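**Student:** Here the protein sequences line up with chains A and B, keeping their order. So the first sequence is numbered by our numbering: it starts at 82 and just counts up by one. So the second sequence is numbered by our numbering: it starts at 517 and just counts up by one.
The hints are simulated quantities; they were obtained by calculation from the structure and are not laboratory data. All values reported here derive from a predicted model rather than from experimental measurement. Don't take every hint at face value.
[Said to hold, decoys possible] Calculated cross-link-like contacts (lysine-lysine; reagent style DSSO-like; alpha-carbon spacing at most 27 Å):
hint : chain 1 : residue 1 : chain 2 : residue 2
1    : A       : Lys-283   : B       : Lys-709
2    : A       : Lys-191   : B       : Lys-670
3    : B       : Lys-664   : B       : Lys-647
4    : A       : Lys-191   : B       : Lys-664
5    : A       : Lys-191   : A       : Lys-283
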Amino acid sequence: MLKKDLWLFLLIIVVGAVVATINPRFLLPINLANTANQVGMFGLSALGQAIVILTSGIELSVGSMIALVGVLFVDFIANRNIPWPLAVLLMLMLGIAFGTIHGLLITKLKMQPFVVTLCGLLIYRGLARFYTQDATAGFGFGQNFPTLEAITTGRLFGIPAPFIAMLIATAITWVIVHRSVFGRYLYAIGKNEEAARYSGIKTHSVIIAAYVICQILTVISAIYFAMYTRSIAPSTQGNFYELYAIAAAVLGGFSLFGGEGSIIGAILGVVLLQELQNLVNLLGIPSSLNFSVMGGVIIVGVIIDQQWGLIRERRRTRESARIAAAQTLAE
Amino acid sequence: MTSPEAVPAGASPAPFLSLSGIRKVYPGVIALSGLSMDVRPGEVIGLVGENGAGKSTLMKILGGVIEPTEGTITIDGVERPALTVADSLAAGIAFVHQELNLFDNLDVAANIYIGREPLRAGPLRLVDTDKLHRMVKPLLDRVGANFKPNTPVKRLSLAQQQMVEIAKALSLNARLVILDEPTSSLPPAETEKLLDIIAGLKAHGIAVIFISHRLNEIERAADRVIVLRDGQRIGALDKEEIKRERMVRMMIGRDLKVQFVPPRAAAGAVALQLRGLQTATHPGKPIDLELRHGEILGLAGLVGSGRTELARAIFGIDPILAGEIMLEGAPFRPRLASDAVRRGIFLAPEDRKASGLLLDFPIAQNISLPNMAAHASAFMVARAREKQTAEEQRVNLGIKAPGVSVRTGSLSGGNQQKVVLGKWLAMNPAVMMLDEPTRGIDVGAKAEIYRLMRQLADSGVALLMISSDMEEVIGVSDRVAVMHEGGIAGVLERQEVTEENVLRLAVGQGLLAPAAVA
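With these hints in hand, go ahead and build the complete structure from the sequences.
**Tutor:** Right, dumping it as C-alpha cells:
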C-alpha cells in the first residue's frame, strides 16, 4: 500500500467520523450495508477502468455496457428461460468480444481510446434501447432465481454479496497488477509504450488484454447492477458510471497519462465517492448538489496530489544534485 | 581580428556583416574558437564541416539564439558582443532550419505573414485576406512556386515548404538567408529548383550561407567556401578553388584520441547476413551486408543516410519492404521486436530516454524488462532475482548509482546508457546493435563503454555500431560500412579505415585509388 493510499484511507476515516458526529445514522448497520453494497458494485467496474487507464487508455463505454448487458441478461433469464449460468457465460463472451474489438481498433488501427470507447458508449446505449424498444426490462411478478439472487444480492454475515465479490476481484486484480509480469508490462506500456516495444514486449497483445479484462469486470458488475435494480431502463441504466469509475481511479492515484496508480487506491477512491454520496444524503445537503460535491472533492484531491508531486520532484532533484556533487568530489 | 579576405578583382561590395574572433565555450567543451568571417551582399557562402565542427553553433550565434563567449558581431559598421533574435531579424538575417518551422495547420500566406498580418475593419482587427494574398503572390513568384497563397502547408512537399520558408525570409527583407542542410531530404529534381532559387536570391543582392554535406551542390552554388573543423576555421576556398577534393581534405586531418584496440582473434562465422534488404524509408536501395561473430562493424554515414532505419528493420520495429535477413544461415523475418529479442538480436536505440529506458522505473526493473521470463515464477515477478541480475550488471558495467532500486532517470547519461546495455548483456546477445552508444556521454564513460564493446566482441558477440562520431567510428570499429542516401556506399576493411575514406563514401564520392590512401 502506497503512502498516498494511506492518506486516502485516513481521509475516508476522517470524513466518516465527521459525518457520524453530525448524523449518527451514518453508522447504522443498514446504512453501512447499503454503502458497502454500492461500493461493491461500483468497485467492480472501477477495477476494470483502472487497468485500462494504467495503459494510458480510457474506457468510456462502461456505463452503456452496463445498460446493454443489463437488458440482455434480464431478458435472457426472465423471458427466454435461458439458464442463468449460460446467460452469464454469453454476457462474458459479449464483453470479451467488445473488449477485443476496442483493443484491436486502438492498437492495429492506432485509433485514440477516447474516440473508440466514446463511440462504444453511444452505440451500445442505442443497442440497449433498441433491444427493448425503449421499454424497461424487468422480471415478471413472482419470478425468482434463488441461487442467482443469493450470489448477487444476498448477504454473508451481514456483508452484502457485491462487496464480497468486489473484495475477491480486488485481491485478484491486485496480484495481477502489482505482482505479475503482465502487471509490470501494463506499467511499462503506460509509462512509455515505445520503450516497452523496444524491450521486446508485445505491446499490442497486452493492451488488448487490458480492454478485455475491463469488459469482463464491467459485465460482472453489470449483472450485479441488474439484479440489484431488478428493472432496467435502457436509456438511464448505468448512466455516468464510467465517470464514477474514472473519478475513483483518479482519486486512487491513477494518472490519465498512464503508468501510475494503485489498485487499493482505486477501491479507496470508490469508497470515498460513495461516502460523499452518503454524506450529501445524511447531512441534508440538497441531493441536486450530489455531483457538485463529488466533483469538488475530486478536483481538490487532484490539486493536492499534483502539488505534492511537484514538491517531491524538487526534493528529488536537489537529492540527485547532492549525490552528483558528492560523486565528483570523490573522484 | 578580421581575417583578410582575398577580394577578387572586379567590384565586390563591402561586407555588411562581420564576425570577429567568435569563441563559444561550454563547460568542458570549446564549441568555437576564434572564428571570423565576412558576409557580402549577394554572395553565396558554403559552410562545410563534419558533425560537431561548429556549424550549427555558429549559425545559432548569427540567429541570436545563443551568445558568444567572446568576439564581436558587426552589422552595418555597428559592433556588438551578441545578438538577440530580434536583433538578428531586424538586421535582415533569416534562418531556414533543417526541420522547417512552419505551422502545418495553416496555409501558405498565414505562415509567411504570421504575426504581421494586414488588418482591416478597425477595432475588429480582422485579417485582410485579399491584401494578404496580394502581398504573398509576388514573393511566391520570386521563389518560383507553383502553388497558391491559400494552399494548406501540410499539402505541400518538403521542397515546396522550403520555398515558403524562403518566401517568408524575403518578406522580412532578408539580406542574409541561412539555409541549414536544405537539400538533405530533397530528391534531385527539387534540389535543382532550390539551387535556382539560391541563384535568384543572389541576383537580388541577398547573401546566402549554405550549410551542407552535399559537396557537389556546394561546388555548384557557392562563391566562397568556409571549412570548419573542431570549432576552428580551417580555411576558405574561393570560386575556382572550390572542389570537392579540397573540401574533403580540409574537413579531416585531426588527431584521433581514441586508441584502437584490436580484436583478440579474427572474426568468426557470419552471424547476420542482409541480402537485398530494403527498408520502407529508403525503398529501391537494396542493402547487402555481413556481420560476423567477434567483430565490431561500424556503420557510418551522414544524418539521414538510413542507418537507424536499417537497425530498426533488423530489430523488427520497422517493416521490411524487400530482401531477406539470414541469422546464422537461416531466414529471419521479424514482425515484432519480440521476434528479434527471442533470437538474441538486441538494439540499444539512438534516443535512450525516449525508447531505451523507462526513466521512472528503478534500475532493476529496467534491466529485467526484456527478460521477464527469467525473472518470474508462475507469472509472478521474482523481485529478488531482479535485484540480483541488476546488481550483477551494476558491478560488471560499473554503473554509478546508490543502488539498483533508484529511479533510472536520476542517473547521469553515461550511467543510463550502461543500464540500457546492462539489460541486453544480461541476456547473452548473439547480435548487439548499438545506435550512437556514446552520445551525450563524458569521455571517461565513453572509454568504459568502448572497453565493454571490445570485451563483448571478444566473447563472440557480433556488434553493429552506428555512429556519427568519426573518432568513434575509426577508433573502435574492426570494419566500417558507410551508408549514403539509404544504400551502402562501401565497406572498409581495417587497413582502409581512414577518416578520408569514411567521409568520401559518406558524401557520395568514391574512394581514391588505393595508392593514394595512407
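**Student:** Need the status of pair Lys-664/B, Lys-647/B: alpha-carbon distance at most 27 Å?
**Tutor:** Holds - the C-alpha atoms of Lys-647/B and Lys-664/B are around 14 Å apart, at most 27 Å.
**Student:** Would you check the hint for Lys-191/A and Lys-670/B, treating anything up to 27 Å between C-alpha atoms as holding?
**Tutor:** 21 Å, holds
**Student:** Run the distance test for Lys-191/A versus Lys-664/B: straight-line Cα separation, threshold 27 Å.
**Tutor:** Not OK: Lys-191/A and Lys-664/B at ~33 Å, beyond 27 Å, violated.
**Student:** Given the hinted pair Lys-191/A and Lys-283/A, is their Cα-Cα distance within 27 Å?
**Tutor:** 15 Å, holds
**Student:** Is it true that the CA of Lys-283/A sits at most 27 Å from the CA of Lys-709/B?
**Tutor:** 45 Å, violated
When each numbered hint is compared with the structure, violations occur for hints 1 and 4.
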